[in-house]
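Residue numbers (our numbering), protein chains in the order written: chain H, 1 to 328; chain A, 1001 to 1328; chain D, 2001 to 2328; chain B, 3001 to 3104; chain E, 4001 to 4104; chain P, 5001 to 5104.
I should point out that these hints are in silico values taken from the structure, not numbers from a laboratory. There could be a bad hint or two in this list.
Unchecked claim - Covered stretches of chain A, as calculated for chain D (at least 3 residues, CB under 8 Å):
# : region
1 : 1047 to 1058
2 : 1074 to 1082
3 : 1238 to 1252
Stated by the list, open to error - Residues from chain E shown here face chain P by an in silico Cβ test under 8 Å; the list is partial:
# : residue
4 : VAL4003
5 : THR4004
6 : THR4032
7 : ILE4036
8 : TYR4081
All C-beta atoms, glycine included, are put in the ideal place defined by N, C-alpha and C.
These are the residues of each chain, in order.
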Amino acid sequence: MSLLDLATQNLVSPMVLFFALGLAAALARSDLTIPEAVAKTLALYLMMSIGFKGGAEVAKSGITALMLWVMLAGVILSFIIPVIGYVALRAVSRLSPVDAAAVSAHYGSISIVTFVAGIEAVQGQGLPFEGFLVAVAAVMETPAILSALLLARRARPPSRDDEGESAGALIREVGLNASVVMLVGSFLIGWATGPKGLAMIAPFIVDPFRGILCLFLLDMGLVAGRGMREGAKHLSPPVLAFGIIMPLVSAALATLALMPLGLSVGGAALFITLTASASYIAVPAAMRLALPEAKPAIYLTLSLGVTFPFNLALGIPLYLALASWVGR
Amino acid sequence: MSLLDLATQNLVSPMVLFFALGLAAALARSDLTIPEAVAKTLALYLMMSIGFKGGAEVAKSGITALMLWVMLAGVILSFIIPVIGYVALRAVSRLSPVDAAAVSAHYGSISIVTFVAGIEAVQGQGLPFEGFLVAVAAVMETPAILSALLLARRARPPSRDDEGESAGALIREVGLNASVVMLVGSFLIGWATGPKGLAMIAPFIVDPFRGILCLFLLDMGLVAGRGMREGAKHLSPPVLAFGIIMPLVSAALATLALMPLGLSVGGAALFITLTASASYIAVPAAMRLALPEAKPAIYLTLSLGVTFPFNLALGIPLYLALASWVGR
Amino acid sequence: MSLLDLATQNLVSPMVLFFALGLAAALARSDLTIPEAVAKTLALYLMMSIGFKGGAEVAKSGITALMLWVMLAGVILSFIIPVIGYVALRAVSRLSPVDAAAVSAHYGSISIVTFVAGIEAVQGQGLPFEGFLVAVAAVMETPAILSALLLARRARPPSRDDEGESAGALIREVGLNASVVMLVGSFLIGWATGPKGLAMIAPFIVDPFRGILCLFLLDMGLVAGRGMREGAKHLSPPVLAFGIIMPLVSAALATLALMPLGLSVGGAALFITLTASASYIAVPAAMRLALPEAKPAIYLTLSLGVTFPFNLALGIPLYLALASWVGR
Amino acid sequence: MVVTHLKKRLEIIVEAPALHRLTDRLNQAGVTGYTIVPVLAGRGSDGTWSAEGLAGDAGRLVMVISIVDAAKADAVLERVYSVLARQIGIVTVSDVQVIRADHF
Amino acid sequence: MVVTHLKKRLEIIVEAPALHRLTDRLNQAGVTGYTIVPVLAGRGSDGTWSAEGLAGDAGRLVMVISIVDAAKADAVLERVYSVLARQIGIVTVSDVQVIRADHF
Amino acid sequence: MVVTHLKKRLEIIVEAPALHRLTDRLNQAGVTGYTIVPVLAGRGSDGTWSAEGLAGDAGRLVMVISIVDAAKADAVLERVYSVLARQIGIVTVSDVQVIRADHF
Ligand SMILES: Nc1ncnc2c1ncn2[C@@H]1O[C@H](COP(=O)(O)O)[C@@H](O)[C@H]1O
Ligand SMILES: Nc1ncnc2c1ncn2[C@@H]1O[C@H](COP(=O)(O)O)[C@@H](O)[C@H]1O
Ligand SMILES: Nc1ncnc2c1ncn2[C@@H]1O[C@H](COP(=O)(O)O)[C@@H](O)[C@H]1O
Ligand code: NA
Ligand code: NA
Ligand code: NA
């Protein structure tokens, strides 16, 4: 299947179209909104579902050396991508060091919804993938935050009356944030109860998954559209370009990292997607605590309003194509 | 099947009984309530589901002349029913011109939940219906509002310091309200992705639909019962009677309009149901902006506490009987 | 199957593990939470589902003498268990009379979620059970409250300026609380519409039930864990012990009561589970009104943080074993 | 200049199960209205609590705001206090100005 | 001692469909900000209402809080009142102190 | 007449991720309690925001109300300000009366 076919097929899926609907509604200033309580629950549902399914897969396949290698690659990428992003942003844009560090942290970390959209695309191609990638997603969330903090501290040593939390406390807090706990917890439960456990709750976490994803993507479209409307003025052209080029750079790095590893094509596509995705839930909250001087209008708008739509619409088909080249 | 059988069968469906449960609970002052965030989401779910299913149907059948004719009939009925309602209310009740205009607007517009209940009844009879009726529902929401505004302006020309929005801005706002966007958007996505898209998300938007409808009708019963308790004192006997007779008048008009058109029996039943239904989400909100002097206790109580239960319990079987006479 | 096997099998079910996840997350001070609006709706869903299923069962079996005997046994147990609890608490702990009465009321009443977990365990053993047990659950909610009020009044006659509600008003309020209305209402609707009604809404109330239960148990784990963290200091060792011994005493009484009755093994397990369970929604709210001097930190923590986890993890397998001895 | 009139603003934080009891008292005391605002969490002498995840009313608080005539404030306060003395909650009173005096 | 500056706090309870109309007026009147708080239920001259279970905006109220310069308060109040005169709602004004005067 | 005592009411609007940091400071400053109220949306010098649809905490605000002793108010304010200076948010102080002085 050609890249163009992949892209077209991806663009006319209900998921992408519901995202587009949300985007359009927000840009047209419709009063359509999803209540916050429901948006939070939908996000938890997605974590629960993919965590559990991944764990049940691993219960079948067991822990393998491949899994550990891919996790290691993920951690390293999550740690170094912010450095690359930081250097690039400082070179091409006029962002302050703190803003550049905060933005870069988002690109080192991952977006679960992009990952989920990737799974849909991979499954749409009939490709299998390794269940442990859920665990890889979990370990890739946090290193980028640490990396960004180190960058910001180099640029601006914490002042004496700096009452921010210690990096340790912060990492602990991020490690226990709702998404990580839900994802890892469900993964472990799926692992412990295996395919039998999965069969018990599949009518909730498997069957309606795609429809619920559509609703969540509608919500993401609404929030992204609102962000574009409010936040666009904070983004200069170089920053905007960063939001599209950085995921491509990350995807290239992930492809390289995969070459010696021998993941399946589906698994490779997902690993590349993870690496290319940018966080928009966990990292923004961490940045508000760790680097409150960084402007949220910049990093939230860029991650959610530029990179997420790009990945959803064009990135994922591209990463699939890359994967078919590097995957086993 | 006789009208009596139809009515009995309708009354003992879980949907109608859950509505009755809500009504009873509210009248008995139980503390049972559905949180607002959930009620909003259930309403969006219903729009998403029927919009998508209607669109997927149209993807199979294509746009037909029949569809355009029925839409035209719907728009005209939506526009003229408020005039009839206004004249009737002014003649028989002591409502002020503004109150009469606001009440009438509700009867020209439509209620999606009544429509959904009609679909359940039609499907319960094993009757097919045209998917484009969802689009007809969407175009029937707004004309009535314009019509009511013209009536109110004739009665009370806007004062100089009238800071209300212009009719144009209002119509735009109503046209982009959450229900219309969700309904039309889902319809278009269903159309674009067709039966294949429907198959992907059917376990979410098709299978649990009836159960979720039960929950939503329970909520509507609770709100309607609360409205009856609080709002009943605002309704004089002529106004109460209007809430039952007006839908019958609308149903008769719709039946006439259908005679030359040749809709299926199921489709005819739904078109009559739409015409006979009264809005209780979009129009009340529009009236608070356009005619804030009109008393919400009157129109909300009448639409939700009188006309909706009447249509749900008795109206729909009657409209089915009418349709079997005029449908093809 | 041995008691040990039962216990092990129970402990590794997804339901129990999601509860444990919630508990662990709360104790580790993760920010994972389920929004209040969603938690309320999940609870309503559980009532709706088990109420309807129970009613549909009774529609098949009809009202039997057995049903009435079991209901009577339930009412009597609900009424006398608080007396036993009160005497025991006053003897072994230093709780005030009002606190002892309030705590005891919880143990006479029932917990629907414990009941639901019991159903899952019973079904996991392939055992059938009587549908009318849902009605038994409903009638067991309230007597304990009355009983506790009488105990508290004996200890502290209401003062002249006691502006609390009359016992009658309170019982009426409790009888119409959200859980009872939802449970009894759904039971009656299930009864009225029978297996045909159940088939219509089964994809909502049957298929995803277990998965939704997992989500709700996660939430209960979170709330219980928070309670443990905040409330543990209010519980002395004798009170803690009460939270584990009292359910065993209740279970023994229920087993005795069942001996002449001839319930099925599954039904007996559920009746014992109901009797051994402690309320944590309806009774706490009633106690805040009826005995506001009683400390909520004690009874909420004990019921939700001690007895519920105990029943979920160890109690239910034990009650199953007891039932296999007394059941038919 | 807009002419304003002095009123008292009562802000009452009370546990949810006692809400009806409180609004009944307010009605009996003849207040012309009140507004109920949700509360997420809090800390007081009885410790920390949070509404998150609660399926029931016990352990949850709400906030009631009532604008009352200064002349009536004491009487209202006494009635409110008769509820709050037994329930978990606090009440504060402050001065506010309103535009239409007749409305309150 | 912390130096504080006197401002006016407007607390406006207004029906949800008119919220945009109100915030537009606040913006036009040059306020530097406002905060919108959800409201669960209430009672006023138009009777009792509750947001519970509502799928639409009609019949629901929200609370808007805006801290404004004392010098501007009257002008803001007049604009707010021009909305509230036609819609369901109330407005109260009270004195508050803030730390950074330039922020408001 | 009901005897009341003068206290200070702090009303703090702060971004949600910094909420724990703020309540920690309040606890350290020795306040006897606080209450957290949800916020739907708002506008300030950093622009317009809304909680609707957000799955995460960033970009969401909450309101914290704390009744404190007038004598302690300055010290509390200083600590609060040390958080707010770095985070998005505002704080206002006003006079309120309470019934039981010992409770605060
Ligand atoms: N005296 C009052 N104190 C607090 N809130 C009030 C008061 N009067 C009215 N309200 C609120 O404003 C809404 C509309 O008031 P009204 O226009 O009088 O019906 C009521 O539903 C209450 O939420
Ligand atoms: N000083 C205070 N400031 C603001 N809210 C308070 C204060 N003290 C108590 N509260 C609120 O009132 C609730 C009950 O207070 P208490 O009865 O002291 O436990 C607390 O959980 C808080 O939500
Ligand atoms: N003048 C004001 N009145 C009420 N709330 C305000 C005001 N200024 C700011 N806020 C609130 O505080 C938040 C942050 O303000 P800022 O730091 O100015 O962006 C805003 O989004 C509003 O919710
Ligand atoms: Na990444
Ligand atoms: Na109509
Ligand atoms: Na019990």
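Now the hints, each set against the structure:
1. Under a criterion of three residues with beta carbons nearer than 8 Å to beta carbons of chain D, the stated coverage of the region 1047 to 1058 of chain A fails, only 0 such residues being counted.
2. Under the rule that three or more residues need a Cβ within less than 8 Å of chain D, the assignment of the region 1074 to 1082 of chain A is violated, with 0 such residues.
3. Under the rule that three or more residues need a Cβ within less than 8 Å of chain D, the assignment of the region 1238 to 1252 of chain A is violated, with 0 such residues.
4. Of the supplied interface hints, the one on E/VAL4003 is violated, with its beta-carbon coming no nearer than about 10 Å to a beta-carbon of chain P, more than 8 Å.
5. Nearest Cβ of chain P to the Cβ of E/THR4004: about 6 Å, under the 8 Å cut. The hint holds.
6. Satisfaction of the interface hint for E/THR4032 is found here, the shortest Cβ-Cβ separation to chain P being roughly 7 Å, below the 8 Å cut-off.
7. For E/ILE4036, the interface hint holds, the least distance from its beta-carbon to any beta-carbon of chain P being 4 Å, beneath 8 Å.
8. Because the beta carbon of E/TYR4081 sits about 20 Å from the nearest beta carbon in chain P, more than 8 Å, this interface hint is broken.
Checked against the numbered hints above, the structure breaks hints 1, 2, 3, 4, 8 and satisfies the rest.
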